[in-house]
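Protein sequences appear in the order of chains P and E. Numbering of the first sequence is given in our numbering, commencing with residue 1 and proceeding in unit increments. Numbering of the second sequence is given in our numbering, commencing with residue 1 and proceeding in unit increments.
To be clear, the hints were calculated from the coordinates, so they are not data collected in a lab. None of the values given here were measured: they were computed from a predicted structure. For every residue, glycine included, the Cβ atom is placed at its ideal position computed from N, Cα and C. One should not assume that every hint holds.
Quick partial rundown of chain E residues pointing at chain P, CB under 10 Å, derived from the structure [stated by the list, open to error]:
1. 68
2. 227
3. 230
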Amino acid sequence: MAEFFAMGGFAAFVWPAWATVIILMAAIALASLRRLRQTEATLTALESGASIKTDIT
Amino acid sequence: MQRIDATGYMIAMQRFANPANFLKLATRLTPFAAAIAFILLAVGSYLALFVAPPDYQQGDTVRIMFVHVPAAWMTTFCFGVMAAASAVGLIWGHPVAYVAAKATAPVGAAFTVMALVTGALWGQPMWGTWWVWDARLTSVLIQLFIYLGYMALWNAIEDPVRGAKATAIFALVGAVNLPIIKFSVEWWNTLHQPASIARVEGPAIHSSILTPLLIMLAGFTVFYIWLLLVRMRQEILARRIRTLQLARTRKLQVGEAG
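One chain only, chain P, in its complex shape (with noise of 0.2 Å):
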């Protein structure tokens, strides 16, 4: 396991590749999914019409 880790000597540079790709992937995916929930609890609220008031006042 160790040696799998130290990938030959180069683990400085394959597992800092390997991070950026898995962090920025997650990222991207997780903000666009929480955006497309957000947008749609907004819009559930307008076509109700729940929110008429407060967009008066």
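Add chain E to chain P, keeping to what the hints say.
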């Protein structure tokens, strides 16, 4: 016969171009795309990190290739999608095409950053430098600026109809950089190695490395398709909200006037 086929195709495209129909289809496809992307990326990563042998020249740094090459592939693929979608939008005026181009831009920019960072981390141990101002690396950096410029243009224009057209023209002009990236390793002297998969003679890589690489390429592509569906759904719903709010303000103004 030909005419009927073409008409059927046009009708199918028209239905697909309708945001409401697209929304229904996209919502149904999203979980499948997510599942396929997850499986491909999991299997590909396992093969890339545990099964593929270290390269006889590059040792274990070759494992950077399994994320670097797919990220670089997506850098050009995403902008190709944006340029094609922009052309469809300009020619046929399909609103969903513009939405696809807009939703792709930040994803393409993210893949470009991944390609540049993983490339630097591969370049340092193999070339002895993080960065060189050669044709391949510089043209990919320019591609990042083209993505950012496209996104800035969307933000700068308030009217979404005018914004769609201006950004579409920007995307078509920016697509000039795609062949430059592709052929940069042939046209100019460079440290970067030439293409080893898409060659006339066939791939120059052994299957123990080629198979995980192809699975990762497919995984990145399906991951992008999943993200595209999620982001396009968000964009279409956001436009619906804007329309609803506009209609409401108008009603209010009419009410006050009367």
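>> Need the list of violated hint numbers for this structure, in ascending order.
In response: The structure conflicts with no hint, since it agrees with every one listed earlier.
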